[in-house]
Amino acid sequence: MTAPALQLRDASIGYGDVAIVRGVDLTVDHGEAVAVLGSNGSGKTTLARGVLGLATVLGGDVQVLGAPVGRLRERGRIGYVPQRHTVSGAVPATVREVVGVGRLARLGLFRRLRAADRSAVADAVAAVGLGDRLGDPVASLSGGQQRRVLVARALAAEPELLIMDEPTAGVDAASQEALAAVLARVSAAGTTLVVVTHEAGPLSGVLTRAIAVDHGRISYDGPLAGAAPDGGGHHHPGDPDRLEPPRYRQDQPRVTTDRRR
Amino acid sequence: MEVLEFGFMQRALLASLMVGLVAPAVGVFLVQRRLSLLGDGLGHVALTGVAIGVLTSTAPVGTALVAAILGAVLIELVRARGRTSGDVALAVLFYGGIAGGVVLLSLAPRGQATNLDAYLFGAITTTSTADVAVFAAITVVVLAVVWLLGQRLYAVSDDEEYARAVGLPVLALNIVLAALVASTVVLSMRVVGLLLISALMIVPSAVAQLLARSFRQTLYLACGIGLVVSVSGTTASYYTGTPSGGTIVLLAIALFLLVTAGTAVSGATARRRHQRRAEVHAAHPHEHGENCGHQPVPHGDHVDYDHDGHLHAAHRTGAGVHYDEHGQHTAPPAGTAGRS
Numbered sequence: 706m707t708a709p710a711l712q713l714r715d716a717s718i719g720y721g722d723v724a725i726v727r728g729v730d731l732t733v734d735h736g737e738a739v740a741v742l743g744s745n746g747s748g749k750t751t752l753a754r755g756v757l758g759l760a761t762v763l764g765g766d767v768q769v770l771g772a773p774v775g776r777l778r779e780r781g782r783i784g785y786v787p788q789r790h791t792v793s794g795a796v797p798a799t800v801r802e803v804v805g806v807g808r809l810a811r812l813g814l815f816r817r818l819r820a821a822d823r824s825a826v827a828d829a830v831a832a833v834g835l836g837d838r839l840g841d842p843v844a845s846l847s848g849g850q851q852r853r854v855l856v857a858r859a860l861a862a863e864p865e866l867l868i869m870d871e872p873t874a875g876v877d878a879a880s881q882e883a884l885a886a887v888l889a890r891v892s893a894a895g896t897t898l899v900v901v902t903h904e905a906g907p908l909s910g911v912l913t914r915a916i917a918v919d920h921g922r923i924s925y926d927g928p929l930a931g932a933a934p935d936g937g938g939h940h941h942p943g944d945p946d947r948l949e950p951p952r953y954r955q956d957q958p959r960v961t962t963d964r965r966r
Numbered sequence: 234m235e236v237l238e239f240g241f242m243q244r245a246l247l248a249s250l251m252v253g254l255v256a257p258a259v260g261v262f263l264v265q266r267r268l269s270l271l272g273d274g275l276g277h278v279a280l281t282g283v284a285i286g287v288l289t290s291t292a293p294v295g296t297a298l299v300a301a302i303l304g305a306v307l308i309e310l311v312r313a314r315g316r317t318s319g320d321v322a323l324a325v326l327f328y329g330g331i332a333g334g335v336v337l338l339s340l341a342p343r344g345q346a347t348n349l350d351a352y353l354f355g356a357i358t359t360t361s362t363a364d365v366a367v368f369a370a371i372t373v374v375v376l377a378v379v380w381l382l383g384q385r386l387y388a389v390s391d392d393e394e395y396a397r398a399v400g401l402p403v404l405a406l407n408i409v410l411a412a413l414v415a416s417t418v419v420l421s422m423r424v425v426g427l428l429l430i431s432a433l434m435i436v437p438s439a440v441a442q443l444l445a446r447s448f449r450q451t452l453y454l455a456c457g458i459g460l461v462v463s464v465s466g467t468t469a470s471y472y473t474g475t476p477s478g479g480t481i482v483l484l485a486i487a488l489f490l491l492v493t494a495g496t497a498v499s500g501a502t503a504r505r506r507h508q509r510r511a512e513v514h515a516a517h518p519h520e521h522g523e524n525c526g527h528q529p530v531p532h533g534d535h536v537d538y539d540h541d542g543h544l545h546a547a548h549r550t551g552a553g554v555h556y557d558e559h560g561q562h563t564a565p566p567a568g569t570a571g572r573s
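If you read the protein sequences in the order shown, they are chains A and B.
Start counting the first sequence at 706; every next residue gets the next number (the working numbering).
Start counting the second sequence at 234; every next residue gets the next number (the working numbering).
The hints are simulated quantities; they were obtained by calculation from the structure and are not laboratory data.
Hints may be right or wrong, so weigh each one.
[Said to hold, decoys possible] Where chain A lies over chain B, by a calculated footprint (3+ residues, C-beta under 8 Å):
no., region
1, 259–265
2, 386–397
3, 431–445
4, 448–459
[To be verified] Okay, the calculated beta carbon distance ranges per label pair:
no., chain 1, residue 1, chain 2, residue 2, range
5, B, Leu-490, A, Asp-837, 32 to 40 Å
6, A, Asp-828, B, Thr-289, 53 to 61 Å
7, A, Gly-840, B, Thr-289, 51 to 59 Å
8, A, Glu-779, B, Val-367, 54 to 62 Å
9, B, Leu-310, A, Gly-728, 29 to 37 Å
10, A, Arg-776, B, Val-498, 52 to 60 Å
11, B, Ala-370, A, Leu-812, 24 to 32 Å
12, B, Ala-366, A, Ala-844, 41 to 49 Å
13, B, Pro-402, A, Asp-766, 18 to 26 Å
14, B, Val-367, A, Val-723, 34 to 42 Å
15, A, Asp-722, B, Asp-320, 19 to 27 Å
16, A, Arg-817, B, Gly-474, 42 to 50 Å
17, A, Val-723, B, Leu-310, 22 to 30 Å
18, B, Ala-363, A, Gly-771, 53 to 61 Å
Cβ coordinates follow ideal geometry from the N, Cα and C atoms, glycine included.
Bound-form chain A, shown alone (with noise of 0.2 Å):
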């Protein structure tokens, strides 16, 4: 594949005119594996919003997977696991009904899920190590089950570009470690991965190159391991790991993203 799997020029990202993130450059490679690092209200995660097409791109060019963000048709190609802590909503649905939802993006606007669809679905739910929960409610899941639900939601996707919005913030350490083990194995199979999170740390085994964001720039670029030379502990100038007291910006609606009016 020529085109980069993400390609920033200058790009401007943010919400009605009030730009968040502020000409930023950024290359990532097919089959990279990116930590998106930053504080509360740092840009991060509008970021990678701009890349989904659910913040505006506002000035500058933003390319996904060879095509401007706003043109790409098969959309389906990328997977994307949101920052949200449950799955369930009003009405009960099951492990397979919530994951099957990945699948339909790849099936045009008619199609049924197939038994070839329904395979996938499976496996991404067995991958995420609750193959044997595939008929339960969600609901009846821990909130690590359900954030794995999630993932496994963008996996059955089968996208070539994942990107996750603080998958492992508030969860518990064996879903950490479940979580960990599934990117690897995404990842190795070359699927390009953007994970935006507050600390790298649980995921440093997979993620091998940072981006660090500070007031909707870009401050760092390089290897995790240089980011975060021994898991954060240290707080030394440059680090952009370090933890910033949480500034208040528009960018966070965090709690409502999911269901805004």
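Chain B: place on chain A using the hints.
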């Protein structure tokens, strides 16, 4: 049956059957989307359509359908554009709809049938043969669309942002759903009335949610419940002389309360049974472990111990450890970490 001897009751029962089936089939998606009151709002808008039909001497069902669908499309466009203004815009549209309907109906020339009550609360026995034909067409179209697009409508109702990110046509699907709601509103107008329409969309779904494990089960169960309460409510209203709409809705709510109470009681019973077993084993002479002499049996994500032919599973609580019977258990305890 006496009730079937009259043509008007035959038509009434046919209409209630279709309404009972269709309203919950659309309502389940509204509940999932947390837009339970959309049907109510579109009922308000439909009243303006009814009034226009009366004023222009055309069939009110047709004009109500056009008004409700236009209102539905408008609402989705407003929702897609604005974030904070959407709520207010909906309210303006809804109240504009009912106010417009009342004012326009008052302008109708004297001697014309302008019985507002019939539209607000339903007048199922006035269903004409032509109405039944229109209702049947609406029923077929709505059920066909739900069958064809149900998985997509579920996807958009469940997680709109995700659906947008992976390229599902979110706005188009939302408009389709709103148009389905509008069609259902018009279909239900004669049976339950514009003010009670939402109840028949939402309450059967609320009952089904308490019993089902999957979205598909909820959908089918809600349709079944809707069908039963709608037909039996209409039949009951014939014998008791009460309005069909109110009777149907009260029946549905009674069922909801009954099932709510039932699930609460069965939950409490299960907890008590668990406690009783825990008491039996509270005085367990030792804590099961590697060398306790009881055969360990792997069970999902934990180990049970074979204790005289039945399985003991450790259940740690704040008060210490007790042993649950896992001889009959099929599902691992909720909230445990899964294997990988």
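Hint by hint, here is what the structure shows:
| no. | hint | in the structure |
| --- | --- | --- |
| 1 | 259–265 | holds (count 3) |
| 2 | 386–397 | holds (count 10) |
| 3 | 431–445 | holds (count 3) |
| 4 | 448–459 | holds (count 4) |
| 5 | B:Leu-490 / A:Asp-837: 32 to 40 Å | holds (36 Å) |
| 6 | A:Asp-828 / B:Thr-289: 53 to 61 Å | holds (59 Å) |
| 7 | A:Gly-840 / B:Thr-289: 51 to 59 Å | holds (54 Å) |
| 8 | A:Glu-779 / B:Val-367: 54 to 62 Å | violated (41 Å) |
| 9 | B:Leu-310 / A:Gly-728: 29 to 37 Å | holds (34 Å) |
| 10 | A:Arg-776 / B:Val-498: 52 to 60 Å | holds (57 Å) |
| 11 | B:Ala-370 / A:Leu-812: 24 to 32 Å | holds (29 Å) |
| 12 | B:Ala-366 / A:Ala-844: 41 to 49 Å | holds (43 Å) |
| 13 | B:Pro-402 / A:Asp-766: 18 to 26 Å | holds (25 Å) |
| 14 | B:Val-367 / A:Val-723: 34 to 42 Å | violated (49 Å) |
| 15 | A:Asp-722 / B:Asp-320: 19 to 27 Å | holds (22 Å) |
| 16 | A:Arg-817 / B:Gly-474: 42 to 50 Å | holds (47 Å) |
| 17 | A:Val-723 / B:Leu-310: 22 to 30 Å | holds (23 Å) |
| 18 | B:Ala-363 / A:Gly-771: 53 to 61 Å | holds (56 Å) |
Comparing the model with each earlier hint shows violations of hints 8 and 14; every other hint is respected.
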